[in-house]
Structures are given as C-alpha cells and as structure tokens.
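S.K.: Counting from 155, one number per residue, gives the positions in the sequence shown under our numbering.
Hints should not be assumed to be uniformly reliable.
Here are the computed lysine-lysine pairs in the DSS-like style, where the Cα-Cα straight-line distance is at most 25 Å [unchecked claim]:
| id | residue 1 | residue 2 |
| --- | --- | --- |
| 1 | 230 | 506 |
| 2 | 473 | 319 |
| 3 | 552 | 584 |
| 4 | 552 | 506 |
| 5 | 326 | 209 |
| 6 | 260 | 326 |
| 7 | 473 | 230 |
| 8 | 209 | 230 |
| 9 | 506 | 577 |
| 10 | 388 | 230 |
| 11 | 260 | 189 |
| 12 | 552 | 577 |
| 13 | 260 | 230 |
| 14 | 209 | 388 |
| 15 | 319 | 260 |
The set of hints was computed from the structure by calculation and includes no laboratory data.
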Amino acid sequence: AVMMVTRTLCDVWQIRNGTSIETAIISRDTRAFNKYLSRFALVMVPIALVNNLLKLGLNELALCFRARLTRHLYAKYLEGFTFYKVTNLDNRIANPDQLLTQDVDKFATSLAELYSNLSKPMLDISIYARKLADNVGGLWAPGGMLAYLAASGIFLTWMRRPLGKFTVREQKLEGAFRHVAARIITNSEEIAFYRGNEREADWVEAAFGGLESHVRRVMHFRFAVGMIDTVVAKYMATIVGYYIVSRPLLNLSDKKHAGATHKDLQEEYYRSGRMMLQMAQAVGRLVLAGRELTRLAGFTARVDDLQTVLYDLQNDRYKRALVRSSSRMKVDADGSPEEPLSPGMAPGAGRKVEADGLIRFTGVPIVTPNHEVLVRSLNMEVRRGTNVLICGPNGCGKSSLFRILGDLWPVFGGVVEKPSPRKVFYIPQKPYLSLGTLRDQVIYPHSQAQLLSGGGTDADLAALLSLVGLEYA
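Kindly generate the complete structure, drawing on both the sequences and the hints.
M.R.: Following this line, the structure appears as structure tokens:
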C-alpha cells in the first residue's frame, strides 16, 4: 500500500517536472532546461526502486496467497483417508491434482492481480482528481470522468458475465486432458503389450479436441468483448478526457486565463492534459478489472467446490452418481428395477468397535461406493493366531471386505469389531514405491527421524531384510 501511494506521487511529480522540461525547451530557456533535467536524473534510481518494489510486493502477495491456500487444502486433503475418499467414494471432483496445483496457482495470481488492478487505479483516481480539480478549477472535471466510469463499468460487467462459466468449463476440460495423458504414463507397459497406442491416440484427440473447441469459442467471445472493451474503456475515456481538459482553455470568458500568455496556456494544458490522461488510464484499468474479476470468479468457484467436497468427506457425507451393474441389479416380478439397498442400510449406519486380538463381522453388509450390495449380511470371526484364506470369484467382495476392515469404506450396517489400527498391518494389492531411498521404502510410512527417535538403526533394517531373503550390500 505504501509503495502504491509512493508510485502515484512519483507519477504526479514526473508530470509536473516533465511539463516544466517541455516548456523550457519550447521557450528555449537553457538554464530552466538543465535545472529540471538534472532533477529528473537525480530521482531516476529512487523511482525505479519504487516501481520494482511494487512489483516485488505483488509477486510476494501472490506467493503468500498460494502458499497458505495450498498448505490449508493439503492439510484437509491428507487428513485421515480424505485423499482416498475423493476419488473412490465421491465423484464430484474428477481431477483433484489439477485443483490442488494449477487452479490454486491461477486463483492466487488472479487475486493478487485484482488487488493491484483495483487499489492502484482507485488511488490514482483519487489523487489525480484532486490535482486536476486544482488545475481546472472545480470538481466537475473529475466528477465527469467518474460518472463515465460508473456507466461504462456497469455496461462492461454485464457483458462479461459468461466469462466465469467459461473459466470453470475450461479448467475441467484441462483436467480431463491431463488425466488422459497421465494414464498413458502410468499404464505404459499394459498399453504396449496390448498394442493400444492407436486407441490411446483416439482418446487423447477426443479430450484435446473438446478443450481446443472450447478455448477457440472463448477466444472468439473475448475478441468481441475486447473490441467493445477497448472502445469504451480506452478510446472513449480519452475523448471524455480531451473534452474536459479543453473546456477551461476554450472558454474565452474564463477570468483565470484572461491575461495568460501562450507559454502559460501551453504549460497549463500540458499539465492538466497529462493528469487527465493518467486519470483516464486509471479509469480504463479499473473498468477492465471487471474482466479479471469474472475470471477470478471461475477459479474461486473451482477452489470452493474442492473445499466443500473435502469438508463433506471429513464428515462422512458422500455424493456419487450411481452407475449400477446390470449383472447385479435385481428386478421385481413386473420387471422394474429393485432398489439394491435394504431399509436401514446407509453410509455410516454400522458401528465399529475396537477389540484386541479379534476380528468379527456381525450382520455387516458389503456394499460398494456405487451402492451395489455384494453381501447382504456377513457374519464371521477371526481370532489372533488363526490363518484364514478368503477366496471366491472376481467381484464377490474379497477386497471390499478388507476396505471396510481398513476404514476405507463406510459401514452400511451391523457391527465390526477389530484391533486398533496400530496393531494391524495391511498390504495393498498393488506395490507402492515411496519417494526417497531404500531406507525410506522399508520404513514407510515413517520417516528417518521417527526411526531414530524410536531407537531403530540401519543395522536393524538390514537384519529385517535378511530375514526375508532380501540382503542388500
């Protein structure tokens, strides 16, 4: 804020000093020319410092916005099993990775730019309005410009309304295209074995084609709106400025300029004209700030959707578009589909009880996030030291049983008794390689600091690897 005020005051000083230099040149006054030019040379470095400090402050502001919002969202995203629920139990967000990275970055940048695009022009208008009123002789001059600002701002804001929806749509299409491209990297070996490169190319083209069509449509809309923006916010504002500056000078009955010389009139015109030009440019920037505001509204909607979903999932509220499998959908006698969930079945309707040395399911239904009932009522008991093999065809609920046991899926009914999570070790179906060294892989999810604080050493890890035949030398 201090840099913005200082920058505007520097601009006012440059206008006055620049007008004096031009007047000295036209008057062929060498002494005055050297005087004002020397002043300008002396303040070049301080003015450059102010300009770059202002840019640095805005960049720092954008970085602070992004840092705080990113840490806040990731704290919510990685709390409990929210990161799993976002993509497996809830399908309101298709690409959380893009929301957490690109969209947050664009939101923070747009917010910082909006702060500059609003506060700096408003500050310029207030300062230049006062200076212009002193030069022209009344508040009618800045009042006319502000009236034009209000009228043009309302009109241009009304015209830009679709841009917010366009931004939301564009980010969703960007996320879809990024997802298709990332799938090829993740599943490159499987795609290569199946010789599926041509089919993958079709999907890439379909995803990018939709994005390309939308971006082109937005470009055409921005072109049409930009034409009107330029005329209304730039050229019309200049015309209004010329008209206001000319009124006192063209009014031959004005006593203020009755005895003024050509030099005095010229200096007055240059000074008032430049101030009016600066004020008109500030008005134009303020009017065009509405364009960035609609773009920011789109990013705000995206980030707000993410926060809403994260909050809902932390409170076990899921929303999922149900796509039922026809092979599991039962029908009534008249052929109409039967609701797969029995009365009383609902996410979180069951209870979880901590029990040491025991795993017991009592009347627990195995239900998928798509509300497909795999087992209507499971009753089983496994005590410590008992070896149990669960087998069955694909889709019968083997993995689903462990997802409920590991707190990944909600319990739709009955009672689940199991040990504390610290006393049960789950191994996922697919191997997971963590970031870092072999030590980090072996001790995951703990860090090296946690290993050392617990009294563990690398020798202990080497002994464990030796026990399972994975000596490392």
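S.K.: If a hint holds in the structure, say so; if it doesn't, say that too.
M.R.: Each hint, compared with the structure:
no. : hint      : in the structure
1   : 230 x 506 : holds, 23 Å
2   : 473 x 319 : holds, 22 Å
3   : 552 x 584 : holds, 15 Å
4   : 552 x 506 : holds, 19 Å
5   : 326 x 209 : violated, 31 Å
6   : 260 x 326 : holds, 14 Å
7   : 473 x 230 : holds, 18 Å
8   : 209 x 230 : violated, 32 Å
9   : 506 x 577 : holds, 15 Å
10  : 388 x 230 : violated, 45 Å
11  : 260 x 189 : violated, 47 Å
12  : 552 x 577 : holds, 21 Å
13  : 260 x 230 : holds, 20 Å
14  : 209 x 388 : holds, 24 Å
15  : 319 x 260 : holds, 16 Å
Checked against the numbered hints above, the structure breaks hints 5, 8, 10, 11 and satisfies the rest.
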